[in-house]
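Colleague: Given next are the chains, with one letter for each unit.
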Amino acid sequence: MSWITARRRHPAATYAVLAFVLVLIGVGYAVVTTGGAATAAPQATASAAQIAEGHQLFEESCSSCHGIFAEGVSGQAPSLIGVGAAAVDFQVGTGRMPLAENSAEADRKTVRFTKAQIAALAAYIQSLGGGPPIPSAAQVNPGAGNYGLGQQLFVADCAACHNFVGAGGALTYGKYAPPLTASTPTQIYEAMLTGPEAMPVFNDLTITPQQKRDIIAYVTQVRSQPNPGGFSLGRVGPVTEGLVAFLGLLLFLVLAALWITAKHGKAHE
Amino acid sequence: MSNTNPPDSGDTAWQEYLTGGGASAGAAAAGGEGAAPPEGPAAPHRVIGTPPPAAARTMLPASGDGGARPPARELPPDPDDPVRARKAEFVVVACFLLAMLAGLGFLVAYGLIGVGSVTATLHSNLALGLTLAAALLLLAIGAVVWVRHLMPTVELTEQRHPMASDAKDKRAFKETWEEGAETSQFVKRPIVRRSLIAATVPLGIAPLFLLRDLGPLPGTSLDTTVWRKGLRLMTYGTNPPRPITPAEFSSPGGLISVGPEGYLDDDDAMAKAAVIIIKFRPGELQFAPGWRPVANKVVQNWTVDNIVAYSKICTHVGCPAALYEQTTHHILCPCHQSTFDATQGARVIFGPATRPLPQLPIGIDSQGFLIATGGFAVPVGPSFWERS
Amino acid sequence: MSVERALEGTGTWLDDRLHGARGARVLLRKVFPDHWSFLLGEIILYSFIILLLTGTLLSLWFQPSMTDVIYHGSYVPLRGVRMSEAYASTLNITFDVRGGLLLRQIHHWAADLFMAGIMAHMIRIFFTGAYRKPREINWLIGIVLFTLGLLEGLFGYSLPDDLLSGAGLRILEGVIQSVPLVGTYLAFFLFGGPFPGHVIIPRLYILHVLLIPGLILALVTAHLFLMFHQKHTQMPGKGRTNTNVVGAPMYPYFMAKTGAFFFFVFGACAVAAALVQVNPIWLYGPFNPVAISAGSQPDFYMGMLEGALRIMPAWQWVVFGHTFAFNVFVPGLLPLGLLFTGAAVWPFVEQWITGDRREHHVNDRPRNAPARTALGMAVITGYGIMWAEGANDLIADHLDVPLYWITWAARVGIFVGPVIAYIITKRICLGLQRKDSHLIEHGVETGIIRQLPGGEFVEETRPVDDERLAVLTSRADLPPLPSGETTQTDVPAPGMRGGLGRVRERLYKVVTESVPVASGHNGHGDGRAIEGNGHEGNGHEGDGHDRAAVGSGTSSPDAEDGHA
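Chains as they are written, first to last, in our numbering: chain S, 613 to 881; chain Y, 720 to 1107; chain W, 4 to 567.
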């Protein structure tokens, strides 16, 4: 105590106090906000360094379409203010962004960034206007979901686009609902939460996190379920079965018929 | 060069050839398969028609000499090429023995491999199916090799006869028929005939009458659903079903399937009462000017906070139209691609549906949950005759 | 030795009671002509037998009831889920009965094969003209069997009450409902009330296991008996005439071959059932009327109806408070109605056009009936376009074509496609006829080149061998149309009068347009190998071999007319 009061008139004393109070407020604020968001815990709190890195990555790779301030360019790319970290994690984590060509829909392709870079981008966008955060591992855990309940929800709200088991389906004007075979539980959660492109939005109050876990349990389990009947033919229904009936079964039997009725080289007469 | 046409059935020479000279009603009785033999004591007859001179000759394997009488045997006893036949015999026996083993394999697989899980079923199906297939296909292959290589090649000819019966038979039939008709008095006593017909008509119609109670008359049931004022909208597929507040269903571009409270497990009700609610941003919905429904517009009074409710049952043939594209605000029915614009009162913009999806009037109750404020204003689902 | 005596004893015992020796001997020696396409009908017959066998076994476990139950069986993912007993019993067959899944899959593959076989068989009969007199009755029976097969398959795959087939039943109900005047009544009577009700599955069950198989069995028996009684047709060839049947006898040849083919059919179904999954109802989930999947199609034989529903524009008529839902009942009833009615009347229409009332027991080669073959290809093209449209969303998804474009292409193609197919097919047939004529006249090229004294090179040809020549020259000319009573007054014959008569005449010219059969001197005279036959380089190809109408009696040979 006497050490501080002895230096209270030091020329740098004002700055020292100022710096100390700023750090105090900053750390205190961080502690307070981290503790408050316990139920929907994001993976990690964004540090300033992460946001800065994200900002730089954004400027390099995204701003040419989305605008310098992520405000969007009309007719080209939407605004990212308020879309949240979850949307970024989904779009960039599935390789859809950066967009390679301007077609009807962004396709899942090779991921261009490392996990750390994606986290940084997500943190930056989150810092711009908030939005749904990246779900935690516990939130998306398929083991905590019920397949039967997930199946009911899936066929009621999802299968119309994505097909019974998530094999994908056609939309209008060249768009499509992609197959869900490669999606991670986190990506499935994020897609429901953020409604990428033409997909509707299913926020956490409409389809609760538990219900989302049920759906994730269904999608991840059904796609890895073995096919007891043999080759699944894509799990798209009777169209491929019909092709097999004609080009497989009927053709085989026609060949058998040709063999049975073939004439010998040495036929009499 | 071209096919000879059978002469008219009145040609007696042809008939005599076919029937061996003694035409009678019985001559055609041998299944119509070929020339009938003459009725004679113990005459060894050949079913294959003996060809008349200068007509097609029976083609037999050249075991006899040309021009001699055809031999008594028509099928040679042994295969053409004995060496090849030995090899073929080996193949055939191998096939049959393998088939037997495969069949035994089926029985063993049935006993050893149980079911009761997806993987177990997979193994069982594979084992049983492949052993069965092998047994059948090996049998088939063995049989075909047997026919082709163990049996001599043979070509026989059988004569046809014209389908039309000869005139004598037709005359005889006609006479018999007319005789009977006359004797039966059916033709000569019209009152008897007509009263018989009158007697059988009600009996004939009776089974059709029994079909009346297959189901209830439609009445006006197709015009309404179970929706009425005050029923809460419950999320479908959740357990337990949950009501919805506009504060929860607040993300623009959101969609969810809902049903009336208390009816979610009633398939008959849900087949017409299934509803989707969609959340829009302010300004996206095109509202009708007044409170009444107007074509291609959303009734504002029937929405809550830019949340609009439409029937999920497609107006084409009744599939649930649940495919929603947030970006174009189109509702697409996956069955036949009827497309509805959700901002314009679900009007049809493509596809075979002729009517827009009916809009359900919604509001909120005292606790803030979404409720219906009335039933649908028009019938839901596919068109029908009585719909105006 | 004792086996022989036992057989003889049994035979005598039976014969003492049935008087069967003569008839049985006829049967043993009955001649069956041999051609691979004749086995297509057997595919159908044996599939049907397999369906009966597997279906009977399946019926021992299946519960045709729509009562709701909570599932507690072996398929863990669906435990605790509410479903109908029918669906639960199907899960039971699949996962709790050994061989159950195999039975289900063999049954379904055999059903697919049954329908595919019917289509192939019908096409074969049409293109070879085997429906002509005296076989029109069998043709009509076949069309009825086709219809019954469609219904049988539809009802059969709807029995498990899964999401996919339930959507199909919903569509069926919507189509029935749209029929003017009686639609709602029919729908309510069929379903016992509004959709889905509680009786449709048990009702479809009794139709599927009793009523329709009974009808099919009776009609198949009639179909086979007629074929037996009239004897099978045969392909043109050496020694084959319209008054004989050439082939191998029933016993032992045909019995062995057809038995082998039965095992082939059964074996093929078994292979498919072992290796290729079909109708995985546990993945579709139980039916509920709120759910639907992308890519919902019926089994392929209903695909044409599905395509018809998708292709139809939104067209309805509301008049005096009533709706004519053309957009639904037109595609539901018109395409198949046209197809089956057209097929049913075709033998009689063809008889009317050609005036040909003779018996036909030798098949036509398709090229020798160009108008018929072209018409058949046009119908197949139209059918195929609608069939493909039924899968338009899968095509859009997997081939990256925008969805609506496919429907528009089909809407245009359904009219344009058959016309183009007709024209192209007809030209191909005439070209093939020309080729045949050429072969007859000039023989087969041997590849041996000789140099003539004058320095030219010519290729030697040899005459076509007898077998092939018989086939090449097998075309039966159609009889001329009846000509007028007198040449003075030009009164047309009965049947040729009025507008209809003129139509008939014109159609006759279309149907009989063909390349004349070469005079069969088979290589210029006497069957020797010929040297340069002097036809090179003098415009041989265009010397009037084309397009002369053959056999037109009354009309002037009007070579440019009558090729549609």
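Hints were generated in silico from the structure; no laboratory data involved. All figures in this text were calculated on a predicted structure; none of them were measured in a lab. We put the CB at the ideal spot given by N, CA and C, even for glycine. Any given hint might turn out to be false.
Claimed, not checked - Chain S is nowhere near these chain W residues, computed Cβ spacing over 10 Å in every case:
1) L30
2) S40
3) R82
4) I209
5) L286
6) D400
7) H441
What the hints assert, rightly or not - Each computed DSSO-like pair below joins lysine-lysine, with the alpha-carbon atoms no more than 30 Å apart:
8) K893(Y) <-> K907(Y)
9) K1016(Y) <-> K948(Y)
10) K241(W) <-> K887(Y)
11) K887(Y) <-> K875(S)
Colleague: Which of the listed hints are broken here?
Modeller: Hint check: 2, 3, 5, 6, 10 and 11 fail, others pass.
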